[in-house]
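S.K.: Each protein sequence line maps, in turn, to chains C and S.
Residues 1 to 365, numbered by this note's numbering, are exactly what the first sequence covers, in order.
Residues 1 to 308, numbered by this note's numbering, are exactly what the second sequence covers, in order.
Just to be clear, a hint being listed does not mean it is correct.
Heads up, simulated BS3-like pairs for lysine-lysine below, C-alpha to C-alpha not over 27 Å straight-line [as the list claims (entries may be wrong)]:
#1 S:Lys3 to C:Lys40
#2 C:Lys298 to C:Lys359
#3 S:Lys168 to C:Lys97
#4 C:Lys40 to S:Lys235
#5 C:Lys304 to S:Lys3
#6 S:Lys242 to C:Lys2
#7 C:Lys298 to S:Lys3
#8 S:Lys308 to C:Lys40
#9 C:Lys97 to S:Lys2
#10 C:Lys291 to S:Lys3
#11 C:Lys266 to S:Lys24
#12 C:Lys40 to S:Lys2
#13 S:Lys3 to C:Lys78
#14 C:Lys291 to S:Lys2
#15 S:Lys3 to C:Lys2
#16 C:Lys358 to C:Lys291
#17 S:Lys168 to S:Lys242
Heads up, incomplete: computed chain S residues facing chain C, CB under 10 Å, no partners named [what the hints assert, rightly or not]:
#18 Met1
#19 Ile6
#20 Ile15
#21 Lys24
#22 Lys167
#23 Ser178
#24 Gln180
#25 Arg185
#26 Lys186
#27 Ile224
#28 Leu226
#29 Asn271
#30 Phe272
Quick partial rundown of chain C residues pointing at chain S, CB under 10 Å, derived from the structure [as the list claims (entries may be wrong)]:
#31 Leu132
#32 Met136
#33 Met138
#34 Ser224
#35 Phe269
#36 Val275
#37 Ala362
FYI, nobody ran anything at the bench for these hints, they're computed from the structure.
All C-beta atoms in this analysis are idealised placements derived from N, C-alpha and C, irrespective of residue type, glycine included.
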Amino acid sequence: MKTLIRHEFDLIQLMFWVVAGILVRVGLQANNLYIVLQNKYLENIIWEPSLPNSLLRILTNDGTMTLVIMIMVYIQFKEIKGEGVSEFILSLPFTSKDILVAKIVAGLSLILFAGIGIGIIFLAVNMASIELIENMRMLMPSGHLFTETYTTFSIIAMTIRYILEMAVIYSFLVMGQFLIKKAGPSVTFMVSGAFSILYLLAFFAFAIYLNPLNSGEVPRVIESIRDIVDTLAQMISEAYFMNTPGEYLAYSINEITYHYAVYPQKLGFATIASVSTIGLFFSISMYLADKVGFNRIKYFTISKTWDKVIVIWCGLCCGLLQYFYAAIVKGGRFDTIDMVLTLIWAGLGMLIMNRIIKKSVAGGE
Amino acid sequence: MKKWIIMIGSAVVMIVSISIIMLKGTDKSPMAQENFQVTTFNHDNLMNKLDNDDYIGENVVVYSADGLRSYDIPKFEVDDMEKFKAFEAELGISAESPYSIYNTEDFRIQVFDVYNNGTSEVIDRSDLYWNPNKTNMISDDKLKEGEYIKLIIEHDLLDEELSQMNKKLMQNNFALESAQSYGERKRLQYIEIIGNKNLNIDIVMDQNGVCQVGVSATYDGEEITLSELEEEAIKVFLAELKMNEEEINACIQIINEALVSKSKTKGSIGNFDFRVILARANDGYRSRYDKGDTYELNAFKFEVFPKK
């Protein structure tokens, strides 16, 4: 097992260097926040810098780590899914489960390396700034409320949530390797599949053009669906993507109330949801590793039905392009010509997807 | 069997957690609320007059609000001079002499000339000559085109503690710029009226009295040190921390070192700790104050406080 794990670490060695580079960049960005804070302090400006929020923005405004995870999953599974090498690896005295566990250990180690590195950088910046921040807060009305909200623990909680966010993405992509035959298309389709859900949900945002009887009015059914979609989107971003709902601090001077939005990072149900989702994705992966292994998928996906679903889904997404064009670019109603064009785009999308699937099943990577 | 338990268990926990997040929704009520009453400046009557648009022409610059109000009125603008005369009449002052100080019950007014060296936004105070022994003298020559008459009006403070402290610290080369009295600590901040360093001195108080004195400045690349007048002013503030003469002189020395950017960043003097925060043109400060390729601006803040 040790040899297996070492092999997995060797496979993704380059990724560790890339993450080290990301840590250097995050360090420079965090240090820049400290410099800005110092400069404001030099100008004797009294303000709440909300340092944890600014640190959080460094993480949420950057998709590099997600890209690293995507590449890592591809590297991890490319070898074992390749024709020649897989036979050799699978002939060794390891079960598919052992191999998967080794891969997960290596993958999660990289995520932990990134997360702990980021946590150390953020804590260091917080420690360096806290005295200046405290000095400003002591001059602010209700400044102590910020101290109670933005604690050192909130930085630790943020780091834990970041690690969990990355682990959710990783476990999702690992699970994808057992749902789609090839390593590369698996990563691509899992990511684009997730984005396509957002794309389809965006359809409801433009639902104002959908009511042919009463133009400009959103049909009630669509409105209800939109509400559900909004709630779901809010809940998913809250549970998995560090979107902390705003809370409010308030004080009043001469009966005029001032509100400050704060975003405290906490460990709560969102953390439990993340951990259980990671557990679910990994346990599905384990189950599928037993059932279909790394290279026993016959079709493009795990079943012929899912191949068809992907073709239809792709057609639907392509067809909606015309709808978005009519809604955003034309800014008008969706007319008969648009309807015809939608069908053409949908057909074309399905045709192309069908060819991709056929080619992928017939040929190699 | 085990894997099914893990899988189903994870799914159940996930669904339950997400449902709880959904049910909780977003709470819009504030986490806490505290109430304060205005305790800072006593400027009700005067501010009403000063805020009247009649007095604020295009060339009248209000560069600071709150405690310190400064109006720069170009001498050569006839319209503004008329406004200025009205202003004088309203406040019962006269700017016949180049520099004068008026103390009233509620506020102090300083009137003096400032030579503007060609730029309309930045007042270059380096050409000022001010002799504290000759209160009526600020520049040697008569006013020229581009010169300003500047009014500085300092209001008294409503907060008793701050008011008492302000009266103790009031000096002719510094004016009260702002005051904070809402937090756990209170602070008075003073700005140098003449000089080329944009020197600020602030004094912070907690329930035990003065707990910190800070001196900050922005200045261009030249090596400069504190003038005698500035040193005297800073000493008055440092004395409020109950520092002895030796400690005060050590502080002055550190500030002078900071002005040429060679100072230590942290340390202690007797029973006090100090820190010096330095910012140079190349570490982010430049973009905000850049005045050209050759221009360099440095900033520093010296803070001294009793050892914790």
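S.K.: Give a verdict on every hint.
M.R.: Status of each hint after checking the structure:
| no. | hint | result |
| --- | --- | --- |
| 1 | S:Lys3 to C:Lys40 | violated (55 Å) |
| 2 | C:Lys298 to C:Lys359 | holds (13 Å) |
| 3 | S:Lys168 to C:Lys97 | violated (79 Å) |
| 4 | C:Lys40 to S:Lys235 | holds (25 Å) |
| 5 | C:Lys304 to S:Lys3 | holds (26 Å) |
| 6 | S:Lys242 to C:Lys2 | violated (67 Å) |
| 7 | C:Lys298 to S:Lys3 | holds (24 Å) |
| 8 | S:Lys308 to C:Lys40 | holds (25 Å) |
| 9 | C:Lys97 to S:Lys2 | holds (14 Å) |
| 10 | C:Lys291 to S:Lys3 | holds (12 Å) |
| 11 | C:Lys266 to S:Lys24 | holds (15 Å) |
| 12 | C:Lys40 to S:Lys2 | violated (57 Å) |
| 13 | S:Lys3 to C:Lys78 | holds (26 Å) |
| 14 | C:Lys291 to S:Lys2 | holds (15 Å) |
| 15 | S:Lys3 to C:Lys2 | holds (23 Å) |
| 16 | C:Lys358 to C:Lys291 | holds (23 Å) |
| 17 | S:Lys168 to S:Lys242 | holds (14 Å) |
| 18 | Met1 | violated (12 Å) |
| 19 | Ile6 | holds (5 Å) |
| 20 | Ile15 | holds (9 Å) |
| 21 | Lys24 | holds (8 Å) |
| 22 | Lys167 | violated (21 Å) |
| 23 | Ser178 | holds (8 Å) |
| 24 | Gln180 | holds (5 Å) |
| 25 | Arg185 | holds (4 Å) |
| 26 | Lys186 | holds (8 Å) |
| 27 | Ile224 | violated (17 Å) |
| 28 | Leu226 | violated (17 Å) |
| 29 | Asn271 | violated (19 Å) |
| 30 | Phe272 | violated (15 Å) |
| 31 | Leu132 | holds (8 Å) |
| 32 | Met136 | holds (9 Å) |
| 33 | Met138 | holds (4 Å) |
| 34 | Ser224 | violated (16 Å) |
| 35 | Phe269 | holds (4 Å) |
| 36 | Val275 | holds (8 Å) |
| 37 | Ala362 | violated (33 Å) |
Checked against the numbered hints listed earlier, the structure breaks hints 1, 3, 6, 12, 18, 22, 27, 28, 29, 30, 34 and 37; every other hint is satisfied.
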